[in-house]
Amino acid sequence: MKYQLVSGLETHVELATATKIFCGCTTAFGGAPNTRCCPVCTGQPGALPILNKRVVEFAIRAGLATHCTINTTTHLDRKNYCYPDLPKAYQISQFDKPLCEHGYVELESGKRIGITRIHIEEDAGKLVHESGFTFIDYNRGGVPLIEIVSEPDISSPEEAREYVEKLQLIMRYIGVSDCKMQEGSMRCDVNISLMPVGSTKFGTRTEIKNMNSLSYIEKAMAYEYSRQAEILDNGGEVVQATMRYDEHTGETSVMRTKEDAQDYRYFPEPDILTVVIPEEKVEEIRASLPELPTDKLKRYVNELRINPANAQLLYKYKAVCDFVEKAISLGAGVKNTVNLTVGTLYSKLETEDDKERFNLPVTAEEMAKLVKLADEGKINITLAQKTLSKMAEEGKPVSAYISESDLAGVDEGELEGICKKAVESNPQAVADFKAGKEKAIFALYGFIKKATQGKADIKKADAILRQLIMK
Amino acid sequence: MAISEKEIKTLARLARLEFSEEETKKFVPEFEEIINFADSINQQVEGDTASIREVTTRIATWDELREDEVKPSLPSEKITSNVHSDNGYFAVRRVVK
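Protein sequences, first through last, are from chains X and P.
For the first sequence, the numbering used here assigns the number 40 to the initial residue and increments by one for each residue that follows.
For the second sequence, the numbering used here assigns the number -11 to the initial residue and increments by one for each residue that follows.
Treat the hints with caution; some may be incorrect.
Derived DSSO-like pairs: lysine-lysine, alpha-carbon spacing no greater than 27 Å straight-line [claimed, not checked]: (1) Lys85/P x Lys248/X; (2) Lys165/X x Lys(-6)/P; (3) Lys(-3)/P x Lys92/X; (4) Lys59/P x Lys165/X; (5) Lys387/X x Lys59/P; (6) Lys355/X x Lys41/X; (7) Lys489/X x Lys13/P; (8) Lys459/X x Lys435/X; (9) Lys92/X x Lys(-6)/P; (10) Lys258/X x Lys408/X; (11) Lys355/X x Lys417/X; (12) Lys85/P x Lys165/X; (13) Lys460/X x Lys429/X; (14) Lys248/X x Lys136/X; (15) Lys498/X x Lys394/X; (16) Lys92/X x Lys85/P; (17) Lys66/P x Lys248/X; (18) Lys(-3)/P x Lys219/X; (19) Lys85/P x Lys127/X; (20) Lys425/X x Lys320/X; (21) Lys(-6)/P x Lys118/X; (22) Lys(-3)/P x Lys320/X; (23) Lys411/X x Lys499/X; (24) Lys408/X x Lys355/X.
No lab work stands behind these hints, which were simulated from the structure alone.
Computed from a prediction, not measured in an experiment: that's the story for all the values here.
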């Protein structure tokens, strides 16, 4: 039988605040074990947690950027469970009054993946199991998280991937998280069930915990789909269970079933006051949101007329977009700016992280100067590429490579003279060209490039050459 | 309110406590007594709490939230001073197989 995949994701995103959610300890990644801890985040009796204002702000930002409504009266709840990654034996989270609800994320196809809720909570500590011991580091304990819960609107592993990528992009754009899956600042739990194609009644679901890579999410979903399909094909029933994915075997296995499901005994957190967020604050945050990725992509293609392939390459990295947009605002032409960025600078930005941070010593101001020279035909595109390449390597301004005299050297009058010489000294090429061999003109380009040390604008030269030959 | 042995067992499991059958049986009436005591509060308020306004915690205003400013943490020796520790880690009996 053919089955339809039904999936919803729970995504944990670590917020990029300076301090933890309930205390002033730093959230910086790493550090010697238990050096970023205090009585609050190690759950000492009598310690009083106080909610970090920026956590609330960031969660609202995330909510607004995913079209959620904001619950301006919100409180926290205790989620009880006994495991040593939580020193208090409960996690402070949100149960019945999440900060954000009823949003969506739009995929390229226009399909919307509903966001059920976004709530704030604290991260747990890190456990290392070795020989007879479990070693605990609470540095990460109390680091603020948002949990983004999607509706079961996802119908394929590819859609799941795109959804997570979109979330990642949105969170980075609005500056609430770096969303580095390999460092654990973004992790997903994937819920999966199957139903016969055409049915509307969901099957029994399983949940794969703690996925920290996009490709593992896709692989685990594909594996779990075939596992469940096989059970159903054989007339069996899927058992509701929590699964783990083994990256080495590519298989999922059961961690626990419904029988020993957790009973979290949620109740309102008595140590933290109910928070009332002023409407003006929400509006202030809304007004401070940058242009969101989907809007930017549309604007690049529809208004700036950037070709869709290049627009795709650019919009994924906000720092690159900021650079390009600034250069354009300083008068650089869109086409040359984009082509030089994607063509020349991207090869210098080797890693994702480099692109993420635009890790190059080229300023938008210098870029604009260079592009304008190319726009005005004062240098040809090859020289622009070479110069930009050197600028990216050496961090020097345009003037270090192209001097006033260089530019003066290719004015129109001189170019015409050189073109004449080119025609005169290449009679064979001219004859071939006249006979219809279009490519013969390259010999003339070569002559001009050599004569001007590559500084001539070949487009202009081409026009002059054609005029001269056809005379 | 009636308490069953099953509820005692569930609570024991959640609290990571182990009771013998005897203890479990003994706890049933004791728990009932505790619950009834709490329940008597209901009876005191003219037999009904439905009409009584819920007392929630005081409300925090926006300005009462904590500013996101780093404060010094405690020295790790202090954090681990009351526990068995190893190289700065809390060390407990292995929790997974």
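For each hint, the structure was consulted:
1. A C-alpha spacing of about 18 Å is found between Lys85/P and Lys248/X, which places the hinted pair at or below 27 Å, so the restraint holds.
2. Distance hint between Lys165/X and Lys(-6)/P is unfulfilled; the C-alpha atoms sit about 34 Å from each other, more than 27 Å.
3. Straight-line distance between C-alpha atoms of Lys(-3)/P and Lys92/X comes to about 41 Å, which puts the hinted pair past the 27 Å bound.
4. Restraint check for Lys59/P and Lys165/X: the C-alpha separation of about 22 Å stays at or below 27 Å, so the hint holds.
5. With a CA separation close to 39 Å, the supplied pair Lys387/X and Lys59/P exceeds the 27 Å bound.
6. Simply put, Lys355/X and Lys41/X have alpha-carbon atoms about 36 Å apart, too far for the 27 Å limit, and the pair is violated.
7. Taken as a hint, the Lys489/X and Lys13/P pair is broken in the structure, with Cα atoms around 101 Å apart against an allowance of 27 Å.
8. In summary, the hint linking Lys459/X to Lys435/X is not supported, as the alpha carbons are separated by about 36 Å, beyond the 27 Å threshold.
9. A C-alpha spacing of about 43 Å is found between Lys92/X and Lys(-6)/P, which places the hinted pair above 27 Å, so the restraint is violated.
10. Using a Cα cut-off of 27 Å, the hinted pair Lys258/X and Lys408/X is violated, with the two alpha carbons roughly 47 Å apart.
11. The hinted pair formed by Lys355/X and Lys417/X fails the criterion: a straight-line CA distance of about 32 Å is larger than 27 Å.
12. Using a Cα cut-off of 27 Å, the hinted pair Lys85/P and Lys165/X holds, with the two alpha carbons roughly 17 Å apart.
13. Between Lys460/X and Lys429/X the alpha-carbon distance is near 32 Å, which puts this suggested pair outside the 27 Å criterion.
14. At most 27 Å may separate the alpha-carbon atoms for a hinted pair to count; Lys248/X and Lys136/X meet this at roughly 24 Å.
15. Between the alpha carbons of Lys498/X and Lys394/X the distance comes to roughly 32 Å, so the proposed pair goes past 27 Å and is violated.
16. Using a Cα cut-off of 27 Å, the hinted pair Lys92/X and Lys85/P is violated, with the two alpha carbons roughly 40 Å apart.
17. Of the supplied pair hints, the one linking Lys66/P and Lys248/X is violated, its CA atoms being roughly 34 Å apart against a limit of 27 Å.
18. Among the hinted pairs, Lys(-3)/P with Lys219/X is inconsistent with the structure: their alpha-carbon atoms are about 42 Å apart, more than 27 Å.
19. With a C-alpha separation of about 23 Å, the suggested pair Lys85/P and Lys127/X falls inside the 27 Å cut-off, and the hint holds.
20. Taking the CA atoms of Lys425/X and Lys320/X, the gap is about 49 Å. The hint is violated against a cut of 27 Å.
21. Note on Lys(-6)/P and Lys118/X: the hinted pairing holds, with a Cα-Cα distance of about 22 Å set against a maximum of 27 Å.
22. Between the alpha carbons of Lys(-3)/P and Lys320/X the distance comes to roughly 48 Å, so the proposed pair goes past 27 Å and is violated.
23. Proximity of Lys411/X to Lys499/X is assessed by CA-CA distance (about 16 Å); at most 27 Å being required, the pair is judged to hold.
24. Simply put, Lys408/X and Lys355/X have alpha-carbon atoms about 25 Å apart, close enough for the 27 Å limit, and the pair holds.
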